[in-house]
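Both chains are sitting in their own frames, so use the hints and assemble them into the complex.
Same order as they appear, the protein sequences are chains A and B.
For what it's worth, our numbering labels the leading residue of the first sequence as 1, then goes sequentially.
For what it's worth, our numbering labels the leading residue of the second sequence as 337, then goes sequentially.
Errors might be hidden in some of the hints.
[Claimed, not checked] In silico DSS-like links for lysine-lysine, alpha-carbon gap of 30 angstroms or less:
id, chain 1, residue 1, chain 2, residue 2
1, B, Lys-422, B, Lys-375
2, A, Lys-91, B, Lys-553
3, B, Lys-422, A, Lys-91
4, B, Lys-719, B, Lys-490
5, B, Lys-513, B, Lys-553
6, B, Lys-719, A, Lys-93
7, B, Lys-644, B, Lys-513
8, A, Lys-91, B, Lys-662
9, B, Lys-644, B, Lys-403
10, B, Lys-719, A, Lys-91
11, B, Lys-662, B, Lys-422
12, B, Lys-491, B, Lys-644
13, A, Lys-93, B, Lys-662
14, B, Lys-644, B, Lys-410
15, B, Lys-662, B, Lys-402
16, B, Lys-422, A, Lys-93
17, B, Lys-410, A, Lys-91
These are calculated hints, taken from the structure and not from any lab test.
The structure displayed is predicted, hence computed values, not measured ones.
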Amino acid sequence: MSISTAGPQPTGVPGPLTTVPEAPAASGGGRRRSKRRAPLPAGGPAGQRFSQKLTPYLFIVVAVALLLLLTYLPAANMLWYSVTDWDGLDKDKNFIGLGNYIEVFTNPRIFSVFGVSLYYFAASFMQMAIALYFAALLSFSTRFSNLFRGILFFPYLINGVAIGFVFLYLFQPGGTLDSLLSFFNLESLQRQWLGDPTVANFSLAGTSVWRYTGLNFVLFLGAIQSIPKELYEAADIDGANRWQQFWSIIFPGIRRIIGLSFILAIAGSLSVFEIPFIMTGGANGTSTFVIQTLQTAFNFRQVGLASAMAVVLLAIVLIVTWVQRKVFPDEKVDLT
Amino acid sequence: MASRNAVVAVSLAAVSALLLAGCAGGDTGSDEGIDGDVKGEVTFVTWRTDLITDGTFDEYAAEFTKKYPEASVKFQGITDYEGELKTRLSTTNYGDVLGVPNSVQPDQLADFFEPLGETADLESDYRFLAPRSFEGTQYGLALGGNANGLVYNKKVFADAGITELPTSHDEFIDALKQVDEKTDAIPLYTNYKDGWPLSQWTGNLGAISGDPDAVNKMATDDAPWTEGTDIEAIDALVYDAVSEGLTEPDPLTTNWEQSKVDFATGKIGVMALGSWAISQFQGAATDAGTSPDDVGYMAFPATAPDGKQYAVIGGDYSLGINVHSKVKAAAKAWIDYLIEDSGFTDTQGMVSSLASSELPTNLAGLSDAGVELIELNPAEAGKESLVNNIADTAQIDIWGNIYRQKLVDIARGAADGDEASYFDQLNTQWADAIASVG
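This is chain B alone, in the form it adopts within the complex (with noise of 0.2 angstroms):
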């Protein structure tokens, strides 16, 4: 009898403690902020589990911890790093440092992540910031950054006769007929299948019209697909490339990983990428027996109204810190150790966050070339969200790769319309967008 009540005890409880286990609130313990003293065990949340396991971020935390003998790291490296952040950020437990997931909004930073300080007071030091600052309060300092442009291979090039990098639409697409004719590379290789690499091209928003405010202009622009934007430049030449033959036949067959090797064994001209692609594409070349410095970075093609070429930089993910974190002064120290004193940026050929450093290295094509970087300008307070939900209500995910899949289509013939009529579509979505959200 003792015993069948123990089994009605110990089940009740085992159905109870299921029942709540998906209610477990967070208690709130000790909190300095970030000022406080800095021990404790910090959890790393990653998307860089490369980095984990070649034993990198190993050796950065024996570092800090020599530095700060009281706290220690351990990480944690998620491959789905987007997807996986997304329903964890609705729990209390998300690491202690994390990248903050880019489908945090700007007003909703406040909800997950703690203050690291005042936007106006942090500017003089570091880079980087307007995205992942709100109402002036700074969320989240980038690891890193990266410059947007298209990696080119060099011989491809050279053996087809190409001596000066083209600097407008008009001499990219006669480049890429160059090397079409004369070399058996695919001259642009798009990677349609995988999807996130046609994302890249919404980097370059600035660089061809070399303003800083392009991406915030698209909040009040009820036609921004309209010859003279950047985004109409950018989409008019993936267009054009497509449309022309000088992309891969069946795009719909692409591969990351086998592209890199194509690249490095001079079958692929062209690939739109941001700079952190310039050390894979090396280390491609480097395996497959071929010279890393054949991978040549350039500026897009354009040439801004006052006659100059420019390539915008922009963060990496930033790193914040979980607003429930136990552990925030020891969060922030190693978030600060990171940035300043792991040299991090330099082994991965970032741009660094910190304003007082020089420039990687592998971005000296770009300086050779006359381009000038340029960082684009936050949104006016209050209106930090404003493009992005609009671009989510239009369904147009200008930082994706749904919409210019399907503009890939259409160029190749695989969809109905043609360039006037997609740009007059994705107009109207844009502006009803405008007009529902605004």
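For reference, chain A alone in the conformation it holds in the complex (with noise of 0.2 angstroms):
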């Protein structure tokens, strides 16, 4: 016992007493090294002071570039065409004002593929369901929990395509879920899970779920993981149980990366492209707004209406993105 308690005091008596002589002295010698180095450029010709102070500028102009080349000149461009009559080839573009916005807004075939979006906007919340409950499982110490993280998180790494044809194999007729379905003597939940009208969507946004769980997932776990451990601790000798840590601890602390999925389902389920495009071309009434733009530009060839689309877009994403942030103001969270 006596040398235990004995160990950690001569330890932590030195401790401070080494540390307070040392801070000034390395301030001090920091202090030091500026002023020698001062005069140099102060010293020097002008054109050094001035390539000194291009110096940072120079670090970020690539990356400036690049964003200006590669995000805003084409964002700018598609303004640009918006406002034209342009079919993606000729070459001279005739400004027609506001017709296109018209266009977009008179035409209820364009407005009405936003009803699609619901399907995946209702299957983004079962999705963030099951993020939160997997994240909150596997924050606590549990056997394989490195395994299941990397299961769970997986599917987001495959490229979209082949997620696609995987789920087409999968909804077959005679596919692997019929087959599934089969093997349990399910065979009256058995249907053309692409082909019939009422279910196509369900499967589309189930494809959905399956592959953006693990994004949730991660961001769930991320800010899980940043929840100071004494917390815990000190429900554990309160005798909270699990449930009580996760509604007094978990989800308050993660309230604004919560906030935040919610905005990325919005705008993500406002936005859907990849999946349906693959599995089902967007035809059986599964068309997208994205999908729609691409067949106005593509396949129409009316680039200048289609990227008003485009336009009207970005800016109903922006304004749901708006109005939540006022509706849930982001609060300051104070876990203490």
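Now the structure itself:
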């Protein structure tokens, strides 16, 4: 006993003693060094001072140039196309004012496809619930937790095109899903998973859940793990069970991430593309706004109108995000 | 210091190069047009990636260099030909010889392609000139052509007890029903999921009425989907076949490559495809160990008012010369070589573009059945793009698959409406588009 208590004391006491004199020495050294350096540029030629000021900009110039070239320039071009009647090839683009925007808002065929987004929006809640459940579960020390984390995140790493094809085989008549159902004697549940228009959107939204749950899971898990361990220990001492820990520590601790996922879910469900495009090509009532935009631009050669549709989609996403931020303001989370 | 300035200079140069890369202008080299000396390296941008892989094109290139020692050809195969070319056409870099993409409208041809001569002068020598002609000038020559109709499995038809090929709507539906009852085959396979096979039906415009102006007349018809027109006959046939349950059970999971195998093994009765498909289906039959002779080809089941049966022949991709090319003379020589000397159309079973040559053997079935082949008339000067512009404005892709997939959906009860209501809707959209375009 005496040895063990004596142990920390000698080391604990010199600790502050050594750190106290060191701290000013370190800062003093820093100051000295900067003093020694400072006169050098001051005495140098003006060009050197200029290029030294320039250095930080040089670091960002490539990144900014790429950003301008690959994001803002095309976006500005799209805004310009959206007020022309361009067909994607013509040498000259005629300015037609807001004609394309009027068409977007007055043609009922264009806006009706947003109904399909509701399937994906509903599915995104299921996706968040599943992700949250597993994130909470695997944040406690669970056997094989790393393996399960890998398994849950894995689908997000697979290319969307590959997922589309995998699920195409799953949903085929006599495919994996049908075989599985008949194995459990559930033949009555078999149907045309993609051919039946009342089921098709559920099948596609389900594929989307499978794909994106991993991303939500990782976001949630990261947020949960950033909660200080002491809080759990304190809760354990107070006799809180896992469920109480979840509601009082984990859930408030990750509220901001849940809010973020919510915005992503809305934006994502408005602009669903890959999965329905690969699996059905937008046929059978599964067309989404982005697929329709693509068809307008490339099947019907109305690049101007399609650009206007893209701008409208961007505006809608921005508005939804803004409303969401107004309704659920960004609260400061205070766990203590 | 010097090195730091060098870093500044290099990064500024890199940035400006980056910014300028997008706007590189085409410099005009020596331009003697297509009549100059045949020399230089021709880049052939092609959609036939399979012929690059199997070395067929390399043999052609060697032959070509033997004929013109100062010229040579290299190949660029593109799988997503239409999609990729659409973007590349906005630059100057799209090869020297290329297939004119379908998205280029006749009134845009002069912006991208070198004139190859007056259409009137070429008419006596070449078939399929109309689609790539504008205001009397020719901008592309078809590499070959196809007949339009339906591929059918002779063995399946024989098993079903069909002895005579159907020549009308009702006979065709009856034949499909017979296949349905007496064999295990899917009578008519639409290939709905892949989409483009549905567009193959449109190639039969003109075959039903025997009218070479069938497509041109759509430009002034406020209600093309009315009994008696070609487009109505085609879509009504698709609709009835689907609504009678004579097509694949789940259209959303069809697969083009698999459908060739299924056809070869007798699981499919009929598919609507151009005659280009015959060689592929014969190949599939050989691979599957069945007889390639079972692949039959028939005209669209309709009899024109004059009592004859017609099939439309039309050009495949036309070859054009990049207007920015620096080796136009060699490019023209390569086009001539491909069309006249290479034997391409023979080996591919296609109709040659040369008016003097004979029809390929795989179309013997059509001639035996007494089917007359017709070519569609070009549109009036100045109206070459009209039908396409109307279709685009109406958002009815008559040459595509989107509106026909919807037709299939309605026919199988997966979407609201019926034949009459959908045809009404198409007519309204079409008439509105004529009003705003025409």
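Against the structure, the hints come out as follows:
| no. | hint | verdict |
| --- | --- | --- |
| 1 | Lys-422(B) <-> Lys-375(B) | holds (28 angstroms) |
| 2 | Lys-91(A) <-> Lys-553(B) | holds (29 angstroms) |
| 3 | Lys-422(B) <-> Lys-91(A) | holds (13 angstroms) |
| 4 | Lys-719(B) <-> Lys-490(B) | violated (42 angstroms) |
| 5 | Lys-513(B) <-> Lys-553(B) | violated (34 angstroms) |
| 6 | Lys-719(B) <-> Lys-93(A) | holds (20 angstroms) |
| 7 | Lys-644(B) <-> Lys-513(B) | holds (25 angstroms) |
| 8 | Lys-91(A) <-> Lys-662(B) | holds (21 angstroms) |
| 9 | Lys-644(B) <-> Lys-403(B) | violated (45 angstroms) |
| 10 | Lys-719(B) <-> Lys-91(A) | holds (19 angstroms) |
| 11 | Lys-662(B) <-> Lys-422(B) | holds (21 angstroms) |
| 12 | Lys-491(B) <-> Lys-644(B) | holds (26 angstroms) |
| 13 | Lys-93(A) <-> Lys-662(B) | holds (28 angstroms) |
| 14 | Lys-644(B) <-> Lys-410(B) | violated (46 angstroms) |
| 15 | Lys-662(B) <-> Lys-402(B) | holds (21 angstroms) |
| 16 | Lys-422(B) <-> Lys-93(A) | holds (16 angstroms) |
| 17 | Lys-410(B) <-> Lys-91(A) | holds (29 angstroms) |
Checked against the numbered hints given earlier, the structure breaks hints 4, 5, 9 and 14 and satisfies all the rest.
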